[in-house]
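*Asks:* Each chain is listed here by its residues.
Number of protein chains: 4
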Amino acid sequence: MIKVGVVGATGYTGIELLRLLSKHDAVELVVATSNAEKGKAVRDVFPSLRMHVDLEFVGHDSELLKSCDFIFFATPHATAMYHVPKLLEQGCKIIDLSADFRISNPTLWEQWYQVSHACPELLNQAVYGLPELNRQKIKDANLIANPGCYPTAITLALLPAVEKGLINMGDIIADAKSGVSGAGRKAALATQFSEVSESFKAYSVSGHRHLPEIMQTLNNVQTESEANLTFVPHLVPMNRGIFATLYVKPIENAEGLHEHYAAYYAQEKFVDVMPQGSHPNTASVRATNSCRIALHPGKNQSQPTVILSVIDNLVKGAAGQAIQNMNIMLGLDESLGLAMPGLIP
Amino acid sequence: MIKVGVVGATGYTGIELLRLLSKHDAVELVVATSNAEKGKAVRDVFPSLRMHVDLEFVGHDSELLKSCDFIFFATPHATAMYHVPKLLEQGCKIIDLSADFRISNPTLWEQWYQVSHACPELLNQAVYGLPELNRQKIKDANLIANPGCYPTAITLALLPAVEKGLINMGDIIADAKSGVSGAGRKAALATQFSEVSESFKAYSVSGHRHLPEIMQTLNNVQTESEANLTFVPHLVPMNRGIFATLYVKPIENAEGLHEHYAAYYAQEKFVDVMPQGSHPNTASVRATNSCRIALHPGKNQSQPTVILSVIDNLVKGAAGQAIQNMNIMLGLDESLGLAMPGLIP
Amino acid sequence: MIKVGVVGATGYTGIELLRLLSKHDAVELVVATSNAEKGKAVRDVFPSLRMHVDLEFVGHDSELLKSCDFIFFATPHATAMYHVPKLLEQGCKIIDLSADFRISNPTLWEQWYQVSHACPELLNQAVYGLPELNRQKIKDANLIANPGCYPTAITLALLPAVEKGLINMGDIIADAKSGVSGAGRKAALATQFSEVSESFKAYSVSGHRHLPEIMQTLNNVQTESEANLTFVPHLVPMNRGIFATLYVKPIENAEGLHEHYAAYYAQEKFVDVMPQGSHPNTASVRATNSCRIALHPGKNQSQPTVILSVIDNLVKGAAGQAIQNMNIMLGLDESLGLAMPGLIP
Amino acid sequence: MIKVGVVGATGYTGIELLRLLSKHDAVELVVATSNAEKGKAVRDVFPSLRMHVDLEFVGHDSELLKSCDFIFFATPHATAMYHVPKLLEQGCKIIDLSADFRISNPTLWEQWYQVSHACPELLNQAVYGLPELNRQKIKDANLIANPGCYPTAITLALLPAVEKGLINMGDIIADAKSGVSGAGRKAALATQFSEVSESFKAYSVSGHRHLPEIMQTLNNVQTESEANLTFVPHLVPMNRGIFATLYVKPIENAEGLHEHYAAYYAQEKFVDVMPQGSHPNTASVRATNSCRIALHPGKNQSQPTVILSVIDNLVKGAAGQAIQNMNIMLGLDESLGLAMPGLIP
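Protein chains in written order, with our numbering: chain A, 1 to 345; chain B, 1 to 345; chain C, 1 to 345; chain D, 1 to 345.
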């Protein structure tokens with residue numbers, strides 16, 4: 001059995017990793033860390049894991065981590081980067097679900113995250129863990145930068161068009177909406193129930209940290225012209241789910257786009273291109289590792305094509321994709337431990 | 001006291017009219033109709049109105065309506081048009097909250113609503129009841145076509161720029177989100193709690209009935225070029241509220257737009273242009289007749305300006321705006337009966 | 001105009017006071033305090049109050065409070081008691097919405113609130129501000145202890161029966177459910193959206209601070225035997241509302257109970273005894289100062305009568321009742337500023 | 001592979017069966033019926049099942065059902081009873097998730113369900129499928145009456161005490177709360193999002209169909225005296241979950257009750273007796289087949305012990321328990337296909 005550990009196991013991403021890894025047939029969950037809950041039994045902090053996880057939380061610096069074959073970091077940004085170099089040296093493989101290794105340009109990273117990077121030398125070694133883009137590189141990687149939730153939903157929705165140069169790179173709008181768990185599990189006034197429920201808002205319109213991550217990927221897969229993406233995130237009063245509404249300008253044949261997408265993702269187990277004109281909802285991917293995409297061509301030449309993309313932010317947008325990456329690195333079936341249909345309702 | 005009646009008083013718009021009119025100092029609510037609940041006491045159907053409304057529901061064709069000075073139609077589309085001509089003749093003033101008189105071109109109306117219009121001759125007589133646009137015409141009108149909820153939020157957000165030709169009319173995107181009460185109060189599977197809660201989706205991407213209504217207004221206030229608007233509505237798991245995210249391309253000076261908006265609406269009691277860069281949420285207008293608007297200029301020349309606009313769909317998007325129109329027609333303070341701040345939370 | 005101030009105006013109870021007082025015809029809102037937001041404009045902290053409240057937050061110890069005729073404390077417990085004595089001396093009338101003056105026995109208070117009381121000598125001077133019980137005393141009071149939200153819903157549901165000795169005092173169960181705003185407006189993990197939404201739980205089963213408050217009132221109005229009340233509070237994933245399900249054992253005639261309740265509250269503007277067998281919901285009292293009560297006698301002698309009671313925790317359970325008390329103290333119509341029907345939906 | 005079919009596969013219970021059975025290692029899902037969606041692909045009606053279920057809906061009377069080893073009825077009451085006799089004859093084993101076979105007394109059943117029973121002769125043959133009570137009988141059964149959701153949560157919470165005569169049978173209160181999916185998947189006004197969201201209510205206080213089912217079980221396991229249970233169901237604005245708050249009067253030793261419960265359920269995989277004084281929430285069992293129970297003894301002799309019990313109404317309260325029953329009938333590990341921890345959030 002592969003031994004795995006989760007660092008920062010008390011956030012929503014961390015709990016989701018524990019939930020999925022505790023039932024993954026190829027791995028044994030041996031360490032869960034939390035500096036705040038150190039010494040407590042996992043089952044006492046998370047009753048949902050009673051009878052499923054029989055561990056005590058240890059600190060992030062626990063020696064037990066060394067015994068792991070795989071370590072998942074589900075920590076806030078600017079945490080993993082202090083631990084990863086040493087753990088890599090000790091032979092662990094790392095999948096970092098935070099932002100620490102997602103941006104390959106350290107200057108850009110520091111600009112958005114307002115802290116010096118602790119190991120910029122690893123940025124180029126880290127593989128951006130979007131399997132549908134980087135499957136081959138992931139196989140051989142030791143360090144995975146697991147994509148952000150918005151970037152996963154948006155990038156999967158744009159990738160087939162961008163790679164082939166089928167849309168105008170200078171005019172892309174991503175109007176994205178996220179459930180509240182995307183804000184993390186911490187005491188904050190802005191995400192109190194009564195601040196969020198029965199309300200809807202945009203936030204960070206002037207710039208969100210996921211923007212440079214998306215731009216980097218889009219610019220990496222095309223050479224035409226710098227991508228010009230307008231990205232506006234919104235907060236939805238629901239727990240899970242990301243919904244991205246993309247407005248793109250096809251260069252020629254808007255009608256052919258759907259077919260291209262369907263072909264592009266035909267072999268993917270976790271990307272479902274629905275019939276043209278479909279209206280996916282986030283519920284259809286709840287608790288799954290799937291991304292559903294649907295295209296709506298404009299009614300005339302001058303109108304954009306609308307692309308809809310939905311994921312579960314905690315699964316395909318975080319813990320599930322991380323396990324998908326681990327499965328690839330281990331040469332396993334990519335869907336091991338990730339095969340459930342959506343939870344309705 | 002002005003005598004008022006509400007036809008179709010059992011939908012969410014109808015209940016909201018009863019709630020607001022029952023406390024309006026200048027009017028007496030004398031008739032509430034419902035074909036389905038005919039004969040029942042209003043208080044038995046809506047316990048929230050116990051001690052406030054002491055009426056029995058009568059049918060839509062009740063003779064009592066003739067005694068009203070003002071009649072509000074809160075019926076589904078293609079209902080008011082069968083009753084309005086006769087009531088107008090009898091000297092009643094009509095405010096129709098349905099779509100029957102919103103589109104001045106009967107062919108266009110029939111194309112979207114799939115039924116022959118019963119009184120196309122009244123379409124040009126009807127005044128589109130957006131006070132911020134048509135205040136003078138409203139004063140003298142006998143028949144008001146009260147705007148739809150999406151059109152109110154979107155039009156108020158575009159009006160100052162469109163009237164002055166400050167944005168490119170050929171490239172406007174309106175990504176709009178609505179609470180579930182916008183779908184009306186009726187037994188429908190798609191709006192069952194467990195179909196909607198904890199989910200988010202777009203709908204009617206290929207075309208929504210509010211699109212021609214918005215287009216008509218935009219094209220009426222400018223002559224440059226036919227507006228090209230992409231409108232995508234979404235359903236938010238909350239009761240009330242519309243949030244519109246507009247992406248527009250300023251022709252020259254994106255930075256000057258905010259100031260123009262602030263000046264344009266400076267005298268309006270129900271349009272609040274917030275400081276540039278603000279993030280209004282729908283909760284801030286809950287149970288109010290206000291529209292809050294905020295502008296976010298793009299970070300570079302080629303990026304769109306993002307305009308955010310929020311209303312309560314049942315108040316400024318329906319019942320409140322109808323009463324605002326009535327106040328104007330009666331020469332009263334426009335805010336009479338509509339002055340409460342937002343309900344938080 | 002009566003000058004009023006609100007101390008602690010940034011909690012949900014405080015915001016609700018600002019909302020209601022800003023439109024109250026007999027008063028002028030002149031001070032709003034917040035130690036945390038001191039110096040900021042109210043409208044910048046609460047956009048819902050833009051165009052309605054034109055004040056800057058000052059500190060709790062601001063000299064401006066002296067100029068107020070009425071001061072509402074909407075602070076956490078163990079705050080008002082440090083300020084009230086001096087303000088009373090200066091001739092202000094005080095309505096404290098916190099728990100500081102609710103329990104007349106200081107030892108009992110200190111046991112539940114774990115702090116020494118700063119002015120135990122005022123405890124007997126304070127009048128428990130439940131108008132339906134203490135209207136006469138409230139008229140002449142200088143210091144009102146405004147009831148808690150659970151106690152309001154539960155006490156109003158028991159009062160008519162307890163006063164007349166119609167139920168067994170030794171066996172009363174209050175299974176109560178509250179919306180999340182009852183937990184206050186503060187950054188706390190337990191009331192984060194994703195901790196609360198789509199979940200339901202009991203809390204404080206071993207003892208909640210509202211229990212001694214309810215017991216005190218019940219024991220004050222009857223002499224038979226010490227009340228034995230089991231009170232279990234639950235958290236509902238909604239913003240507003242308290243629902244109390246009471247199980248009581250009528251001593252004789254369970255069927256007569258409803259009639260007694262209807263008569264008891266016949267003159268009350270804010271207590272609505274619904275027809276026997278009704279099912280009130282919290283939505284019917286949303287944003288109102290009303291309490292709706294319905295009785296369901298047991299199907300046999302040995303079964304309890306079920307009494308259902310609903311209020312809006314922020315209005316009748318806090319800010320609205322406080323204003324009702326102020327209206328009484330001022331000799332005004334009790335419903336001034338509080339007359340709106342429930343907001344549906 | 002065992003061949004299984006689901007009759008009535010478009011309700012929430014039906015979808016949940018499809019979701020769980022499609023990933024169950026020992027069975028092959030070969031038939032899904034729906035009279036309303038007959039002829040449509042399952043994946044078109046439920047996009048969440050795309051890539052997971054490759055069937056077309058057939059009618060309830062499809063000949064394909066005969067080929068099934070196991071048939072699950074997830075139909076409304078008074079449907080299964082018309083199909084079951086013939087299918088039993090053909091050798092199928094039946095698990096009926098509706099109420100048709102839950103009450104062994106046909107007169108009582110007919111009184112509550114207001115229709116003549118079509119096969120009263122099968123009522124005694126049917127085994128009440130609560131594994132923790134009837135595991136041995138289930139093993140050999142051909143026809144299982146799968147318990148209702150409320151009865152599952154309430155019965156599991158009472159069983160250990162009732163069987164041993166540890167509580168007063170004449171005075172039990174079950175204040176129960178259910179998520180909205182319990183009302184089924186159908187167009188109904190009362191369960192529209194905007195009727196339910198942000199509201200809380202009791203319903204059917206005068207009598208709910210699950211009452212006789214609970215009473216039957218309680219009276220079957222004890223002989224002392226007829227159980228006198230007051231059962232009040234409430235509707236919670238959430239999708240999934242049942243929360244039962246039980247008030248019982250221990251005959252002697254309230255403190256010993258917890259230990260007895262812990263021992264009673266020690267070997268059960270799906271009943272989790274938490275430490276005394278715990279506060280389980282419904283989220284902790286979301287999407288699981290578990291029931292969590294916690295006891296709170298009264299603070300004095302005359303106070304009831306409070307027992308809290310939570311389940312997911314669609315899993316342990318319906319589809320999961322049905323599969324648990326099937327596993328038992330097949331001699332498989334009871335938890336096959338049912339082992340996931342709770343989905344948080």
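A hint or two may mislead.
Pairs of lysine to aspartate or glutamate, DMTMM-like flavour, derived with a Cα cap of 25 Å [stated by the list, open to error]:
id	chain 1	residue 1	chain 2	residue 2
1	A	Lys299	B	Glu224
2	C	Lys269	B	Glu268
3	A	Lys186	C	Asp333
4	D	Lys186	D	Asp25
5	B	Lys269	C	Glu268
6	A	Lys299	B	Asp44
7	C	Lys186	A	Glu37
8	A	Lys269	D	Glu252
Read the hints as simulated data drawn from the structure, not as lab findings.
A quick note: this is a predicted structure, and the numbers were derived from the prediction, not measured.
*Asks:* So which hints don't hold here, by number, going up?
*Replies:* 2, 3, 4, 5, 6 and 8
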